[in-house]
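Trainee: Under the UniProt record's numbering, the first residue of the sequence shown is numbered 1, with each subsequent residue one higher.
Worth flagging that the hints you see were computed from the coordinates, not collected in a lab.
Be aware that a few hints might be false.
Pair by pair, the computed Cβ-Cβ distance ranges are [to be verified]: (1) L467 <-> Q408: 57 to 67 Å; (2) G376 <-> G471: 19 to 29 Å; (3) G418 <-> P473: 40 to 50 Å.
EDC-like, lysine to aspartate or glutamate: derived pairs with alpha carbons at most 16 Å apart [claimed, not checked]: (4) K56 <-> E307; (5) K56 <-> D280; (6) K56 <-> E110.
All C-beta atoms in this analysis are idealised placements derived from N, C-alpha and C, irrespective of residue type, glycine included.
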Amino acid sequence: MQTLADWLTPAAAPSVPAPPGMPERDWIAELAGQARAAAARSAQPGPVLTPPLPHKLDAASPGGAGPEGCGVFLGLLDLPDEQRQVRLYWAPERDGHLCLLGAETGGAREVLQWLGSGLLADGTERHCYVLDGDGSLGLLAGAGRTGAYAGPRETARGARVLRRLAAETAGRLGAAAPAAPSLAADAAAPRARPPVPLVLVVSGWGRWLSGFRSGRLAWAEECLQDIARDGGTTAVSLLLAGDRDLAAARFFGLVPNRCFLPAGSTPEAQLSWPRLPPMDPVLGRALVQGRICGGRDAVAQLASMPERLPAPVPPVERPFRIEALPRLVPVSALPAAAPARTAGPGADPVIGVEGDELQPSVLPLRPGTVHLVLGGSGSGKSNLLGLLAERLGADCDVRRPGAGCLPQDYWEQLPGAGPRTVLLVDDAHCLGAETHRRLGGLGADGAAAVLTAVPEANLLQQVPLALQARGAPWGLVLSPRSPADGHFFGARLEAGWAPPGRCYRVEHGRITALQVALCS
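Just need the whole structure built from these sequences, with the hints factored in.
Mentor: Structure (structure tokens):
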């Protein structure tokens, strides 16, 4: 064994002992001094090892290196080969779809909450549509930029949101297609303003998938597939969180950016994941893939909710909305319909609200037509007739038995009718044969008739005019209690609890849900 001092001593130099009273030469100290002097003369500092990623990252104080990025702050990316940590940002219209895979206890819920809040508070105008499968995104519901919020129990409304966004994506895709050149085209014509970017935020995808597949809403999954396929070119982005169901989804291969959060996840759930590098099992620690991190795999600590949430920015342009049907609509709150003929040969009364934007629901009544309204007791049949009497009283000759009057005697003793007459017949299945013959005669004279009855198998025998009602432009089913309640109109309806006045209009094979207003 040779010491450093012996190795630095020239071999040819004779070993001369130091004179008495003088210390021996310390070669190690001289070498260390020369190294310090050389380091002091150098302008470049020595390499500094980056600290480990924090166990919790507050979105308000991200740390790391790099300028402020475009988009929402996502986390701190660790690049050990470069010995630096950079800030990670997600801009939906630039980076594309993003999904967070992992258990709910692994930090994905907190990251999704922050990203949703950051989108609404960002300076770039984006409209968000939220499918909240685990109830963690309620703070996004009341923002001005939120076009729709569907809670965990609103499966049908969640399907409506997906269908509307898929239609919007298809419409934007068609508008972006290059048109054929025209000789009359004006080169100086102003270019159309680009559409506002849309973001669909989905939490608990497994719950939504189970709800869609357990009913008649399996088409909603296809709508999400269409959005994932064409959303990248139409500024419609996805932000999803889920576990195994998300990793096994058909559209998973169309999501370019993925964050795998292994904390709290089971080995079975990680079978379809890529091989994970060594990382601490802390909340928010993830393996990030995709164009969001330059196409390389890297470990990152994702941001969590700050103590003080940023305030949502008001929208510059109002987002289109997908509203839930209200349980009660007073007649005074009914919106006005577009100008239409309300006198002469027919009428178009507004009876409620329907559609995504709660537009006025109009029932056209034409002379000589018979319309049938089916529903059980307490479904709102009598309320509908009372509402029609209120809405038509000033423009039509409305005929309806009053209080204390026997319906059979009233209809049998009724004189002739004309094209301006509207017959409102309640519980038509309880009337006798002579009364139905009289009603048929009044209809032949040009009167329009609205009949209510209970959906039963022998309805044609109880109400002969029901056969004529099958050829009418529309039929109504109020608060169906069985999927078979709509079989008379050739429709199968979703049964379950519904408030009185919840109505389904079957019109030329198309089913439209609406809420009938409460008459005064």
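Trainee: Hints first: check each against the structure and report whether it holds.
Mentor: These are the hints, each one checked on the structure:
no. : hint                      : in the structure
1   : L467 <-> Q408: 57 to 67 Å : violated (21 Å)
2   : G376 <-> G471: 19 to 29 Å : holds (25 Å)
3   : G418 <-> P473: 40 to 50 Å : violated (21 Å)
4   : K56 <-> E307              : holds (13 Å)
5   : K56 <-> D280              : holds (12 Å)
6   : K56 <-> E110              : holds (11 Å)
The structure does not agree with the numbered hints 1, 3 stated previously, though it agrees with the rest.
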